[in-house]
Structures are given as structure tokens and as C-alpha cells.
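S.K.: Here's the letter readout for the chains.
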Amino acid sequence: MKHVKSLVLAAFAVLLSVSYILPATSASAVSSSALSIAPKKNYVIEPGKSVQDTLTISNLDQAAPLNLSLRVIDFSFTGNGGTPKLLMDASTPQTTWSLRSYLKVPQTVTIEPGKTQQVDLNIAIPKGHGAGSYYSAIVYSSGSGQGGNIGLNASGVTLVFVNIPGKVKENLEFTHLGAYDRSAQGDLDGYHYFNTQAPDTIAYTLKNNGNVVEAPAGNITLRDIFGRTTTINELNPSDSLALIGQERTFMTCIKLKPEDVKLGGTTTKSTTCDTSGLWPGYYSVSADLFYGQNGNLTQEVTKVGGFWYLPWWFIAVSIVVLCSAGFYGYRTYNKLRNKFYGPRVAKTKSARRK
Amino acid sequence: MKSLSSIDGTGPLIDFGSVRGQVETGIMIQAQVPPMLVFCAAQQVDDNCTGTDETYYRDMGTLSPTDTLTAQSQMAVGTNASQGFVVTANGPPMAAGTSIINSPRLPTESQPGTNQFGINLVENTVPAIGGNPEGTWANAIPAADYSIPNKYKFVSGDVVAYSPNVSLMRKFTVSYILNSSKDLRAGVYTTTVTLIASGRF
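In order, the protein sequences belong to chains A and G.
All letters in the first sequence, in the order written, are residues 2 to 355 by this note's numbering.
All letters in the second sequence, in the order written, are residues 219 to 419 by this note's numbering.
Source of the hints: derived by calculation from the structure; they are not laboratory data.
No residue lacks a Cβ here, since even glycine has one placed at the ideal position from N, Cα and C.
Check the hints yourself; a few may be wrong.
[To be verified] Heads up, incomplete: computed chain G residues facing chain A, CB under 7 Å, no partners named:
hint, residue
1, 227
2, 255
3, 258
4, 267
5, 371
6, 374
7, 384
8, 413
9, 415
Turn these sequences into a full structure, and let the hints steer you where they fit.
M.R.: Dropping the structure here:
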């Protein structure tokens, strides 16, 4: 009995010392929250076929592993810009354009510090599936906050678009065209008919009544009061999309300025708006846009609009010129009148009575 | 290219020649850089997301009707995608069981003595907390409602920062304020704010 007792005590002592020496278990290790992902994926898949692809995910943190949980959610749009409205609630019914049933990704991924990993992505479209555009989003969640009053989670999102070829319903309705203030982020109140600063952006808004996402092409022509024209051929330099049911504002620069930018050791092209160099005055704007998916008729929509560019200095100079013209005109008129009809004589009270 | 006397490729050779092709214009080889979205968030982050302090929660202290509790976190974000990015803030209201501290739906000043939880992304003086965005890419900015100094709001799903086009790394500081009325039910009030970075379409 004494022997058993000493054995139990020895085992307890060993267990205690081991648990004291060992660090905290990796199960509770803090995850990195620094990730690099693809913001968008595009595919064309015929009904009855599938696509096997990979998602490249990098853990930018050099010290901590990146523990990610992945899930597929639906999204729609926010307002007239390109901001996705993520439908995060798992109980949200699937949208009519959802890929949730067809898009498969692993539920969890762990990436070592400073490493990049390829994660499988599979999209299988069933036979007989109707043509059109379908889209959902992959959410990568990391950095779980546990404890305190405020917890913080960091997540990244990849938007996935699939076009299923075939006969689709395409209908874009032209609603707005004109000079635009970019800071309005697609809102319709960003259109300005009178501009005191030289506009550098022309925008157009299209309502997508079809069952496919659209990216229009074409050109816009600006004509000033002297008949001089400026043609904008890069109508959609960011390859922006009008989602199904969205009234989308597309923006383009009157003059584009290409730039090289570096991110993650790679160089890519970017475009920003250069100074438009417009003169004060009225400008008419005419747009001629084309859209259409492969295998469908190319369609055309047109619209004519206009705007004024009247800078404050121009308004001030115009007022001074008009006032000066009025003043000197009146003086000249009086001089001529005096010359031909003699000076005006103020009538006396008695003369007025007569 | 050969021509033979038979139709099955056998027999004597009649003629032997070749076809020459000439490339009139040079061949351009292009390498496409895949778009990427870089994002990190924690209590403190490095400018280019190469490290964080790995702290994802904050104890703000004891609620008081006379004081404003504060906290701050940081996030850095960048993309080479031509459509730019958006960051949304998502989460439930701060609560202890069924007792909830609501958030203003419009940018509002910090008002000690009222139940109020809000955030913004700029430097504030009342209370002194936060910081303005850091980095050279000026086209990545806080959303209008979250960029007014000393005014706070929190609506789940709101865009808090965005860039309309290519924007390399920019660091934002998120400030949190928490006020309570004297009638607030006792308890530990908590919430989890999920910052979601996504590309635009």
C-alpha cells in the first residue's frame, strides 16, 4: 500500500513539473491577422462542367501562423457604386444569382508565418443550368478577439463571378450622364450641371434590368461652344460591373494619366485623372455605349447631356466686364445724346404746372 | 513539304519544298500581375502588415457616468486592383445579457452620462484618442461619417474606409468610445467588431 501511495505521488509530481515546464498549447496560440488574397475571381463555365482552381493566400506576419476559417456567402450591391453588400448572416436565403450551392472551399486553413499557400477552389455547374451571371463571396476570417470589452476580428473577402454562356437577357437603361464629382462614390448627387472647378471626370449611370452583369464599352464625346471636341475612348478603365438589378454609376477621366505602382514586389498599371484643361463655358456630352455577352447580340445605348464650367475667376471677370460695358455704354449714350439734342434741363415747378 | 506520285504517300518523289513565314511585327510578351488585397488588423500593426502585436481585445475599464472609456486599434490595407477596396465594420451592439448600449446612427459627439458606443478613424481631442491615416496613398480615406474629429457613430455593415482605385498600403487608427448613464444595469458589456476588407466590382 505504501508502495502504491509513493508511486501515485511520484506520478503527480512528474505531471506537475511537466505542465510547469511546457509552454501554453498551440491550440490557444494567437493567430496572425495579416493576409494577402485575390480580391476578385472570374470564370466562364458551361452547364455540366466544373472548374478546379486555387486561391493564393499569404500570411504576411513573420512571427505568428495564420489560422483562417473560410465560408461562402452571397452579396449584392450598396448604392450606385462598386461596394459589395455582404450578406453575412448564415440564415440569409440564397440570392437568385448565388453560387453558394456550387462553390466549394476548405473550411479552415493554417498558413505558417511569412508563407504563401494555394487553397483548392471548386465550382461545379449542374447540367441544364440556365445561362447568366452568378456570384458569391469567400470570406476569410482571422484574429479572433476573446476577452475584454472590445474584441477585434479581421476578415478578407474574394468576390467570385461565374458567367454561364448561352442566351441571356441583357438590358441596360441609360439614366444619367454628365460631369461628376468622384468623392460622391457613385451617388447620383455627384452629378453637377454647374461646375466652378474644372471637372476631370465624366460619369454615366446605367440600370441593369437583365440577368447578367455588364461592363459597357464605347466612347463619350465632349463638345464646347466653339465646336471643338474631346473624345474619351476609355469608358470603363477599371472594368467595373453593373450587377443584376443595380443602377450603376461608371466613372471615367476626361484625361487619363497612367502610373506604375508596386505592391508585394510586383509592378502593375494604374490610371488616375489628369487635369482636364477645359476652358470655361458650356459643354455638350454625348455617349455611345455598347454591351453584350458572347453569343448574344451586341446592343447599343446612347444619351446626350451637358454641363457648364464656370470658375469663380471667370464669373468675377465676367461681372467686371459687364459692369464696365454698362458704365461706359451709358456714358457714351449720354455724350451722344447731349451732342445731338443738347443737355438735359431739369424742369422747374412752374414749368411742370403748365 | 513533299509531293509524291501516289495518293498514299509512297512512291517516287516529284517535288520537295518548304513554306516560309515572316513575322512582320514584333511579338510582345506581357506578364500579368494578379490583383491582390493586403489587410491586417490588431491593436497595433506594422505599416505594410509584416507584423502585428497580436492583440485582438481590449479591456476598457469600469463604466462610469462621468467618464468616457476609450480604446483604439489599427488596420493597414492596400490593393493593386484597379477597382480599389472597401473596409466595413460589422458587429452587434455592446451588451451585457439583454442590456444594450446603443450606438448613434449619425456622427455624434461623445456625451458622458448617456449610453453611447461609437467609433471613428481620425484624430480626436474630446476625448484625446486616435490618429489620422498614415501613408502616402491619399486616395485611401476614411468614409465621410467616420472622418469627423470628435464625432462618433457605429452602424454594423457601414463602410469605414475605402479607395476608389489602386491604393498601396495605408494605415488607419480606429478609435472606440464608450459612455454610460447612471441608470445602466450593472454587468460586463462586450462586443466584437469585425473589420472586413473586400475588393470592389
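S.K.: Which of the listed hints are broken here?
M.R.: 1, 5, 6
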